[in-house]
Amino acid sequence: MRYLPHTREDIDSMLESIGKDSLNDLFSSLPPDCLLQEDLNLPPSMTEWELTDHMQHLAQSANQFNPKMMFIGAGSYRHYIPETVRFLLSRSEFYTAYTPYQPEISQGTLQGIFEYQTLVCRLLGLDIANASVYDGASALAEAVLMAIRITKKKKVALSDAINPLYRQVVSTYLSPTEYEIVNLPYLSNGRTDLSVLSDPDEYAAIAVQSPNFFGVIEDLEQIGSITKEHKPLFICCFSEALAYGLLKSPGECGVDIACGEGQSFGIPQSHGGPGLGIFACREKYMRNMPGRLVGQTVDLDGNRGFVLTLATREQHIRREKATSNICTNQGLCAMAASIYLASLGGTGLSKLARINYDHCEYLKTGLKNQGFSILFQNPTFNEFVIALPEGKEGLYDKLLAKGVVLGLPLESYFEEMKNHYLVCVTETARKEDLDLLIKEIAS
Amino acid sequence: MTDKLTPNGIVQDEPLLWEKGRKGKTGFSMPRTEIGPSDLDSNLIRKDLDLPDLSEVDVIRHYTRLSQWNFALDAGSYPLGSCTMKYNPKINDKLAGLAGFTESHPLLRSNQTQGILRIMYELEQLLCEITGMEAVSLQPAAGAHGELAGMLIFSAYHRNKNSKRNKILIPDTAHGTNPASAALCGFKSVPIRSGDDGILHPEQVRELMDEETAGIMITNPNTLGLFEENIEEIARIVHEKDGLVYADGANMNAIMGIVKPGQIGVDVMHLNLHKTFSTPHGGGGPGAGPVCVKSQLEPFLPVPRIRKDDDTYSLESDYSLSIGKLHAFFGNVGVLIRAYAYIMTMSSEGLKKASQLAVLNANYIKAGLQETYYLPFDKTCMHECVFSDKDLKEKGITTLDVAKRLMDYGVHPPTIYFPLIVNGALMIEPTETESKEDLDRMIAVFKKIAEEESADPELLHSAPRNCKRKRLDEVTAARKPCLTGC
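Residue numbers (the working numbering), protein chains in the order written: chain A, 58 to 500; chain B, -18 to 467.
Where hints are given, some of them may not hold.
Cβ-Cβ distance ranges computed for the label pairs, FRET-style [said to hold, decoys possible]: (1) A:R344 with B:E432: 42 to 48 angstroms; (2) B:S301 with A:T369: 37 to 43 angstroms; (3) B:K371 with A:D78: 48 to 54 angstroms; (4) A:E340 with B:R140: 36 to 42 angstroms; (5) A:L93 with B:T353: 32 to 38 angstroms; (6) A:E107 with B:K376: 51 to 57 angstroms; (7) B:K75 with A:R344: 41 to 47 angstroms.
I should point out that these hints are in silico values taken from the structure, not numbers from a laboratory. The beta carbon of each residue, even a glycine, is placed where N, CA and C say it ideally should be.
Next up, chain A with everything else stripped away, as it sits in the complex (with noise of 0.2 angstroms):
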């Protein structure tokens, strides 16, 4: 076995230098009842060449799609990935390392992660940010217990149009305790409507998305100044953080939490994982937060260094006081998306972003000319809702034999929304896919 480096008589010596018969006699001081008997009933071991014949075999049925022509997001988006994310991410040095806990030895590491924490801020508008979390749906999760712990109340309000898949982990996570769930319902725009909330100051948190599920950009600034003269934190999550290249900051729109998913910075979509849960917050939640943090000091010399910090919030200091369970998060991915950031600069992302609005917004005018209606008004960043047009209900399988992806649809989310979809398009539909698809719809 390629992977085990003992020699036949490197074990000899070794159990003779312990004082062991056999490799079994480690064993020996087990209960005999809790040994297994038998081996283990596993398929034969294979080469490395018969892996990747088989794994290549699997890999083909796993997606058989033009990957040009899926038009579906909803939480994973297409995105260019420059090879240099790729190339810096498998350097061994970041790639086999464990969580930096000896910084004199893992400054890259930290960083690394200390410069993600500075982009992410800059990007949301916040003040600080942690080193990850798991994905978008458990981020929006831990800034929902993060606001009960702030405030001491019990109800959340959360919109109806927070990506569902979301929405169910939020659920999950409160499951347990008596924390109770409010919906807000969607406007007509697509936009959350926040009339129910008869008296804001009973919750702990007001949670939006935006863009929201339908693609709909919320209004963000109405919605902070109504949090602004209550007790309720305001959190905004967001599943295609590409969106703020173009648009105004949470942060600037008076949100206190902002989290959400990163993928769509550097990481391939992998099936749904692993992505990047985004975690940032003001200044005064600090000692809130959960997750790790990465922060500046120096050496005995007196040369700058990183740390992970604060750790008297975290699980192993403060046991079942600390802010959260988590450990393991999702660092590869943050390195990545800080990579990719890099890469792109303010210049890249504010141009990057505009070219996904422009071209999502070119096959929304081409549907609507073609007949569809288009559910919500409002502005949209990279998704949007259709309704087929009556007599065309096959349409979305007719493509799909075609090897079109039509986007998502939303009957199984949304029991009103029957034949409705949810279409996305970024930078990677050219403008020839998106004419090529508006003559497949049309003929």
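Given chain A, put chain B in place with the hints provided.
What follows is chain B alone, placed relative to chain A:
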């Protein structure tokens, strides 16, 4: 060779990204577009975006230099106790990176993603066989996430029986995440003391287990590297009061093919695929923490579940007792693919051998160092052994000093000051992928440091001397936090 310090070579300084960036540079090939601009309400648009602009060469040099300040498993021994820093096979990374996997969208219909569903289904089956458990969800994204899944299952199980339980038993040898995970589900931790032999004793469990207690969270082998020999009796006591037994599977690397937790009384456990099944740790993640249960708890597993009918795989969410979803999609699929590839390579014989050699290596280290360092529990250990600084303190040397001096000799320190029940603990887990030569060198370095303790303790106090940075001021970092640059 052992007394030679690690040479530094050329290791350059590197500023922060924003100290380096300048307007007018770019490191990205902007896609060409033939589509003109559309209108957007200017009230929604941000005025500026203050991220530094760099060239592609700037970016490559920046991160290559940073990487050179990191120690990593591919560079040498990394014997962090409880973390299982075993070699990460390179072929697995390549296979997880195949375009068919990386370009797959998670919300496609299941008939469009059969290959990935098959891998996930088969991985669940493989993990069942390895653990003796009967059903698995791969959704948890890390060990602590798997623990949370387990505690949510405890909570849902008792709620379903209309049984109000608000306490949970947690031994003093447990991982620190255990009480935090239990607290998220409203359980109050009740600590249990291990015996003088470092393991749990049934009478202590019997005394504390009652009908307000949801069950016990146990780590086996425990964090002292000792097998909990009374596990079956303990499980019987907990089950008599209709409690459940949770096993933290972080230390599964000691017992693959040797003990099946599912056959010795465990009802729920999580695995850390980034430990036991060799997926890279990535400087702190991503990992994967599948949760495994016995069949009576299967209805509570997270949804969606993967079903196989004949040769077709599908997703099923219709489980009324399920705890719900823990991740927006299916967990860290890229990590799952690597673990699957590892198991398919190792098979039954390879996994068992890996565990045997992991235990052999830990006992070899224990034997090699027990004359030199204080060993609080002197018996055959499993995959890790725990020493303490008891004998060093009189010389004014602490565990931290030893750890920092190890760096000067090119060995990553072990886990220190954990488990908490050993003062000044040094917890060494070599893993099976360290060769005899690596272990001999590690032992020689530890011994050399012990000699330095007497000869020149200042060498230890001032260590490390040979790394990118000297000891860092962690106290000021926490008192006056600076978490973002300007």
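Hints, one by one, checked against the model:
1. Separation of R344 (chain A) from E432 (chain B) is about 44 angstroms and conforms to the stated range, judged on CB atoms against 42 to 48 angstroms.
2. Checked against the hint of 37 to 43 angstroms, the pair S301 (chain B) and T369 (chain A) passes, with Cβ atoms roughly 41 angstroms apart.
3. Between K371 (chain B) and D78 (chain A) the Cβ separation comes to about 32 angstroms, which falls outside the hinted range of 48 to 54 angstroms.
4. In this structure the supplied range 36 to 42 angstroms holds for E340 (chain A) paired with R140 (chain B), their Cβ-Cβ distance being about 39 angstroms.
5. A hinted range of 32 to 38 angstroms holds for the C-beta pair L93 (chain A) and T353 (chain B), which are about 35 angstroms apart.
6. Between E107 (chain A) and K376 (chain B) the C-beta distance comes to about 56 angstroms, which sits within the given range of 51 to 57 angstroms.
7. For K75 (chain B) and R344 (chain A), the hinted distance range of 41 to 47 angstroms is satisfied, since their beta carbons lie about 43 angstroms from each other.
In summary, the one numbered hint that this structure violates is 3.
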